[in-house]
Amino acid sequence: MRVFWPVTLAAAALVGLLAYGVVSKGTDTTLDQAVARDERPVAPIKALPWLERDGDGSLADYKGKVVVLNVWASWCDPCRDEMPLLQKTHERIAGQGGVVLGIDTQDATEAAKAFLTKTKATFPSLRDRDRSYGREFGVSGYPETFLIDRRGKIRALRRFPVTQEWLDEHLPKLLQEQA
Amino acid sequence: MRVTSIALAILLTFVAAATAAAPPSLPDIEDEVMCVECGTVLSVSNSPVAQQERDFIRKQIAAGKTKQQIKAALVDEYGEGVLARPEADGFNAALWLVPIGLVLAAAAGIAVALRRWRRRTPTAPADLPPPLNPEDAARLDAELSR
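Chains U and E supply the protein sequences, listed in that same order.
Residue numbers for the first sequence follow this note's numbering, so the first one is 1 and each next one is one higher.
Residue numbers for the second sequence follow this note's numbering, so the first one is 1 and each next one is one higher.
These aren't lab readings, by the way, just hints derived from the structure by calculation.
Check the hints yourself; a few may be wrong.
Distance condition first, Cα-Cα at most 25 Å in a straight line; then the derived DSS-like pairs of lysine-lysine [said to hold, decoys possible]:
#1 U:K173 x U:K153
#2 U:K63 x U:K46
#3 U:K46 x U:K65
#4 U:K120 x U:K88
#5 U:K153 x U:K65
#6 E:K59 x U:K118
#7 U:K113 x E:K59
#8 U:K118 x U:K88
#9 U:K113 x E:K65
In isolation and in its complexed conformation, chain U is listed as follows:
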């Protein structure tokens, strides 16, 4: 049988493109699996602008601290619901070398600031305007929370709103560890 190579190559390229499209739109669960196996993957670090002050910051600014990294947006209702618990946690762990760090994502700056004022949240937040940083954590929805130990490794994650039970299960252990 005679094979017409240009057509075959074009068809193969099209199938490859479609496969890439399907795979790239899927949810990335690599991090979830690594954390479930207790592999302690290193948390991605990227300099981002602060939401409420000038300049850039990153996870590197909190080296040696336990970080509760919370991905939120002002238009996300579940994010609003969990803000009081996150603020309470921030105040509770501050004296033990812990901090809640918000990642405000795909959000209008003024709306995000108003949201923090309204919810009385005072923990610091960085702006991930296009979710490029969130993608490194496999973020696919809001809110999502990651617990990062004093060595900058991800020890637990939650793809839904946090609960007191979940925080109590993981945080005390991390706060007791030395850097």
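Put chain E on the given structure of chain U with help from the hints.
Using the frame of chain U, we list chain E on its own:
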């Protein structure tokens, strides 16, 4: 006829000037902007983030910004992905150049295939069958004359 043409040209000039000076409207911009979370054009989305984007655009319009200024402000807030049609500069130029290149490559492929196909098609006239002998010719004439 000439007067009509001049009148039409003047009218078109006025319309173009009026369009350029008109402030942008929300529907004008909605079609060229994406809902950043839902992956659809803003005009067809009703998600919470889409409502926030609309509020942002309305405030920009109220502040007297032009369409280009509003789109630039949207990019500042939400990143390049907020534009339904990315600007054709830098790496984004590939989004425009690659499809054009593919179309040109496909056209070239079709042209080459056609040329090859034509070469293979016999162009010489088919050989005529041998002439009939007198007996067969007479029978054919008889049959045709019935």
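Hints, one by one, checked against the model:
| no. | hint | in the structure |
| --- | --- | --- |
| 1 | U:K173 x U:K153 | holds, 14 Å |
| 2 | U:K63 x U:K46 | holds, 13 Å |
| 3 | U:K46 x U:K65 | holds, 17 Å |
| 4 | U:K120 x U:K88 | holds, 10 Å |
| 5 | U:K153 x U:K65 | holds, 11 Å |
| 6 | E:K59 x U:K118 | holds, 20 Å |
| 7 | U:K113 x E:K59 | holds, 16 Å |
| 8 | U:K118 x U:K88 | holds, 15 Å |
| 9 | U:K113 x E:K65 | holds, 22 Å |
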